[in-house]
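So that you can map any letter, position 61 of the sequence shown is 61 in full-length UniProt numbering, and since no number is skipped, the others follow by simple counting.
Note that these hints are calculated values from the structure, not bench results. Virtual Cβ for every residue (Gly too), placed ideally from N, Cα, C. One should not assume that every hint holds.
Here are the simulated EDC-like pairs of lysine to aspartate or glutamate, each with C-alpha atoms no more than 20 Å apart in a straight line [unchecked claim]:
(1) K100 / E114
(2) K32 / E20
(3) K166 / E89
Label-pair ranges, simulated between beta-carbon atoms [claimed, not checked]:
(4) R180 / S149: 55 to 61 Å
(5) R180 / L148: 26 to 32 Å
(6) G129 / R77: 38 to 44 Å
(7) L61 / R141: 42 to 48 Å
(8) W58 / P13: 46 to 52 Å
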Amino acid sequence: MTIICPKCRHVRPKHATNPEWQCPACGVCYAKVRDGQPVDVRRSERHPATESEWGIPWGRLILLAVLGWGAWNGYHRLHNSPDRPVAAELSPAAIAALAKTVEPGEVVMYSTTECVYCAQAKAWLSRYGFAFTECNMSISRQCEREFLSYSATGTPFLLVRGHQMKDGFGSDEFLGLLQRNDAGQLQN
Numbered sequence: 001m002t003i004i005c006p007k008c009r010h011v012r013p014k015h016a017t018n019p020e021w022q023c024p025a026c027g028v029c030y031a032k033v034r035d036g037q038p039v040d041v042r043r044s045e046r047h048p049a050t051e052s053e054w055g056i057p058w059g060r061l062i063l064l065a066v067l068g069w070g071a072w073n074g075y076h077r078l079h080n081s082p083d084r085p086v087a088a089e090l091s092p093a094a095i096a097a098l099a100k101t102v103e104p105g106e107v108v109m110y111s112t113t114e115c116v117y118c119a120q121a122k123a124w125l126s127r128y129g130f131a132f133t134e135c136n137m138s139i140s141r142q143c144e145r146e147f148l149s150y151s152a153t154g155t156p157f158l159l160v161r162g163h164q165m166k167d168g169f170g171s172d173e174f175l176g177l178l179q180r181n182d183a184g185q186l187q188n
């Protein structure tokens, strides 16, 4: 006797390995699907979910385009960014030599007395001999007014030869700004 699945209209082969009560194609229990229940086979047979009428897999194309854009954007951010890792490329002697090129007043750090990150930034700058001016907002109202005039939101906030480091102190960004400035690439 030939058994036809009421859901997917699959004809059960004689040598099917699954139980007799189950459709080998869709896995439904024959007894649970009523004979009179309408079956919508148009979606699965005529119109696959991933392709249009012309056979173009739009979902995959969009995913591929997004991944390609992300790879291109990531590559260019890494290779053209002043934030790329510079400290790892420079020896301590090279960093100290770069520190000698910094004149007093070219680096201004806005800080507060209780700021832990400010203390770490000061220690790093002092360790390599960078000349910098500290403007402590806990002590000076003038420093606080200047800080607010830059629309800064957190400390430490540094001005490196006129360029604002708004995201706090990062040695890679700091050294990158100094190197670009020495090469004449950064315009104030």
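For each hint, the structure was consulted:
1. With a C-alpha separation of about 29 Å, the suggested pair K100 and E114 falls outside the 20 Å cut-off, and the hint is violated.
2. Among the hinted pairs, K32 with E20 is consistent with the structure: their alpha-carbon atoms are about 13 Å apart, no more than 20 Å.
3. Restraint check for K166 and E89: not satisfied, since their Cα atoms lie roughly 24 Å apart, outside the 20 Å limit.
4. Separated by about 25 Å at the C-beta atoms, R180 and S149 break the suggested range of 55 to 61 Å.
5. Distance hint for R180 and L148: a CB-CB separation of about 28 Å, consistent with the stated range 26 to 32 Å.
6. At about 31 Å, the CB distance of G129 to R77 disagrees with the hint of 38 to 44 Å.
7. The supplied range of 42 to 48 Å is broken by L61 and R141, whose beta-carbon atoms lie about 59 Å from each other.
8. Between W58 and P13 the Cβ separation comes to about 35 Å, which falls outside the hinted range of 46 to 52 Å.
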